[in-house]
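Dock chain one against chain two, each of which comes alone in its own frame, and use the hints as you go.
Each protein sequence line maps, in turn, to chains V and Y. Numbered according to our numbering, the first sequence spans residues 1 to 428. Numbered according to our numbering, the second sequence spans residues 429 to 585.
Since the hints were derived computationally from the structure, they do not count as laboratory data. One should not assume that every hint holds.
[What the hints assert, rightly or not] For lysine-lysine, the following DSBU-like pairs were computed, each having C-alpha atoms within a straight-line distance of at most 30 Å:
{"no.": "1", "chain 1": "V", "residue 1": "K374", "chain 2": "Y", "residue 2": "K455"}
{"no.": "2", "chain 1": "V", "residue 1": "K200", "chain 2": "V", "residue 2": "K374"}
{"no.": "3", "chain 1": "V", "residue 1": "K418", "chain 2": "V", "residue 2": "K200"}
{"no.": "4", "chain 1": "V", "residue 1": "K209", "chain 2": "Y", "residue 2": "K455"}
{"no.": "5", "chain 1": "V", "residue 1": "K217", "chain 2": "Y", "residue 2": "K455"}
{"no.": "6", "chain 1": "V", "residue 1": "K421", "chain 2": "V", "residue 2": "K217"}
{"no.": "7", "chain 1": "V", "residue 1": "K310", "chain 2": "V", "residue 2": "K325"}
{"no.": "8", "chain 1": "V", "residue 1": "K325", "chain 2": "V", "residue 2": "K200"}
{"no.": "9", "chain 1": "V", "residue 1": "K200", "chain 2": "V", "residue 2": "K217"}
From a predicted model like this one, the values you see are computed outputs, not experimental measurements.
Given next are the chains, with one letter for each unit.
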Amino acid sequence: MLRTEVNDLLTQTGPGTPMGDLFRRYWLPALLAEELPEDDCPPVRVKLLSERMIAFRDSDGRYGLMDEFCAHRGVSLWFGRNEEGGLRCPYHGWKYDVEGNCVDVPSEPAESGFCEKIKLQAYPLIKVGDILWTYMGPKDLQPQPPEYEFAVVPAEQTFTSKRFQESNWLQAMEGGIDSSHVSFLHSGNLNTDPLFKGAKGNQYNLADKMPFFEVAKHNSGLWVGARRNAENEQYYWRITPWIMPCFTMVPPRGDHPVHGHFWIPIDDENCWAWSFDYHPNRALSATEREAMEAGKGIHCEYVPGTYIPKANKTNDYLIDRQAQKEGRTYSGVEGIAIQDSSLQESMGPIIDRTRENLVSTDNGIIMARQMLRKAAIALKDKDQQPPGVQPEDHRVRSVSVVLPRDQAFETACAEDLKARKGVPHTSV
Amino acid sequence: MITQSMRATSAAESRFRIAQPNSRTRKTLVLALGRHALTPLAELQQLGWNNTVMGLYTSGHLELYSGQETRRVPLDDALDQLDVMVLLITSDSDTESIERIGEACSRRRIMTSGFVLEPPDETDINTVLDCTRRVTVSLVIDTDTDTLIESLRAVRA
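The shape of chain Y in the complex, shown without the other chains (with noise of 0.2 Å):
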């Protein structure tokens, strides 16, 4: 007897998957949280995206680029309706926005990871990773940008 796995796991039925969209776009924000993090993140702009907005937060102001354009947005604004929020961390990141920024989305109850852009074995950023560890639900720790690229790829952004 044929079971229903057998049935349904064939190469053949693979073929038969609803070719309609299982998920609506998500609001991505993509945050440098110190300069340092600007070059990665101009490599990003000059990239396709979808629905992902890039920007700088340093000392109480956010920064939103859109092409040759940068405007100031109230953190506030800029978190509504937000889906996933990136952080890019470097030396120059500062705590005390690292922990703004996670309480704000972790009232939102909004997905938040951290990408460490410097290796921590050779900068003083020990502080601040200890503290985006608190904020984050998810830490990668990689120099490289294309690392960061797949993975904002590889959730939609």
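Extracted from the complex, chain V is given alone in its bound form (with noise of 0.2 Å):
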């Protein structure tokens, strides 16, 4: 259980909040880069951190990220004319570069400099990977762009997917740190789903529901791993790095894709569930990747021309009672990242941890939101720079692998949790 005031803590990520401020310290991910797909595109809009912006694409290929509305009268560029290097407001007709800088106030002389003192609160908005990235915080410690393995593999090797949940991001993240309910909620997909089936490591998963979990702290978030029983007197461990703030990567299975989630806080109620798929040391199969465009695995169907779940809170996600029953899937509602959602969704938009009861395998979650709070005050307290900040701490990875009994997973398979180009993950 959380108490009140620290619940509200790390759940508030508005402007001026302990929470907003540390994920200010971040690159984020904003948008996929398929939202801006040309030069002079449409608009986007953007929420995050409780901040309406809008994003767009000039004439150039520069990506801006900026407040949502014009200074002149408040109305929104979205209706936005994207076009000669800026966006100008439909209504009368004032126009902004992608920092934000206002152009062109066609009503007043040029020379009068009015426009120069007009300037929308603009954040760098980059493209690294499958994603644009922004960063919100103070511009003199903007750290190098995000390292992240998924994002910086050849475009063959990654997919990028994101769906919009109703929820407060904290309690979608934690459901990334706690991979017990895999055995559990997902346990009928790991046999059928096309990203899922036919690894081992499977078997291990399904065959010993009580793991013993073990984490540990490192410099930029944790070490989580969940131990089951193997053969011939050896260990199936899956190793779980999450990274602050909320980067979290699942364990592979066999040669399949690995993949992981970000969950970005859109406001306190709703979050952005990023998920992504990778091979380190290949291209992914048509197979596979039709596969994840079609939602399977860790992504989802959506809604015609948006990012929503098309199992959603307005359909009761779907819910087959009888699958339910016959144990094709454990909880009725089909695929993985519609289990989570469902299940997250239906604790309220922001869970009171108050009223939960926690267990000694709930330590990752934990352990996660103390240095998430700690992380907070510090810079709040002290101005002191959270972890996970520079690129080398993006630089991990999961793991699934057999050891002896005596072995522990921090020492035996240190090289197997960093990054390392072109070498492949470490899975069964």
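If you want it as structure tokens, here you go:
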């Protein structure tokens, strides 16, 4: 359980809040690059950390992310004309460049210098991998661009999707740290989903529903190891890295692509669940990419033209009680992503953690909360830069491995847990 | 049409939870398995806890602390009605004690977790660690006493 004030601290990410300030020290996924596919394409509304913004790509291919509303009369620039190096408000023609500078106020003489005094708050927007990333913190502390392995491998080796989730970011992220739910909630998918099935590790997962958990801190987050019994007096380990503030990687299965997530607050009651799949040393096959695009694995099908899952609260997540009864799916909801979102949204927009009853195997969640709280307070009180900001912090991997019983994963897998260019991931 | 899920998951509906406890107090024993753990244990004792007892187990002897008092108690008595066992592991913990407690807890189906309070790479603790891994359901390696405190708070100790 958490005290109400700690729950509030961790779940509130608007401007001026401790967690909001913490999030603003990191590069965060803002949009999929496909949302701004070409120069002068339509602008896109973006809401992050309770701030409403507009993203656009100008005539020279430069990306911009700025205050959504025109400084003149507060019109949404979503209606703007994206033309000749800037976004022009359709109401009276005020125009802004990608840095939020007002570059034209047609009603005022150019020599008046009026437009030089108008500037919208803008944030950098850069493309790394399939994602457009933004940094919303102090300019002088802007870190180097992110280097998560999934985002820096060649394009043919990676795939990213995002989905809208109607819950606070923290309860969504905690699902990514807690791997003990996989043996239950996702059990129906391990042997059927094309991006999971066939791995030997699945059998260990399904056979042992009471894993031992070991959690160890590292510089920028946690290693959460789940140990299950394997044959010949050995253990099967699944090791999940968590990097501050909201990045996790799922341990791999066989030669399938590796996947993971970010959970990015939209506001305090909604978040983006970002999901990626990549293979460190080969292109994704056509079949794999097709499956990802079709919403298999950790991805999902959408309401056409949106990033809202097709199975959502407006249709009770298309729950199938017969499938639940027959064991085809554990909860009756189809698909790993929606199995997670349906339950996390059912907690309410912000779960009341004063009523929860955690157990020892929830130590990963407990420690992540503690690290977040400490980092937010250290930033607020001492202006201390939080962990996980620098690119070198991002170069991690998840691991699944069978080890002799006397070997600790922290030492046996020290190299496997690092991203290494061209080196296959360690997977069972 | 508004579905059940839409109605039930709104912020307004979140206010309607039964305002009664959904669990009973659990009995927790926090046990130092070496004298190196007595300092963090003393820190824990300064704080308020729910039905939680602290103690030291070495060489087959169990001492339980209550305020300024120390009393020797047979292990079986201490485990009676116990729900959660938390083992504090340091480099001076001995494997025999860990095994004995682990076995006793396992027999009684007591949820047992371990906190390793000294860094594995800086101390000769690996044998003890291996042993602890065999008898606990979860293990945390962190030298920060705050983590221990927070974890105990989180499980309502």
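Structure-based check of all given hints:
Among the hinted pairs, V:K374 with Y:K455 is consistent with the structure: their alpha-carbon atoms are about 28 Å apart, no more than 30 Å. Taking the CA atoms of V:K200 and V:K374, the gap is near 39 Å; set against the 30 Å cutoff, the hint is violated. At most 30 Å may separate the alpha-carbon atoms for a hinted pair to count; V:K418 and V:K200 meet this at roughly 23 Å. This hinted pair checks out: V:K209 and Y:K455 have alpha carbons roughly 25 Å apart, not beyond 30 Å.
Taken as a hint, the V:K217 and Y:K455 pair is honoured in the structure, with Cα atoms around 28 Å apart against an allowance of 30 Å. Restraint check for V:K421 and V:K217: satisfied, since their Cα atoms lie roughly 24 Å apart, inside the 30 Å limit. Using a Cα cut-off of 30 Å, the hinted pair V:K310 and V:K325 holds, with the two alpha carbons roughly 23 Å apart. With a CA separation close to 26 Å, the supplied pair V:K325 and V:K200 stays within the 30 Å bound.
Note on V:K200 and V:K217: the hinted pairing holds, with a Cα-Cα distance of about 28 Å set against a maximum of 30 Å.
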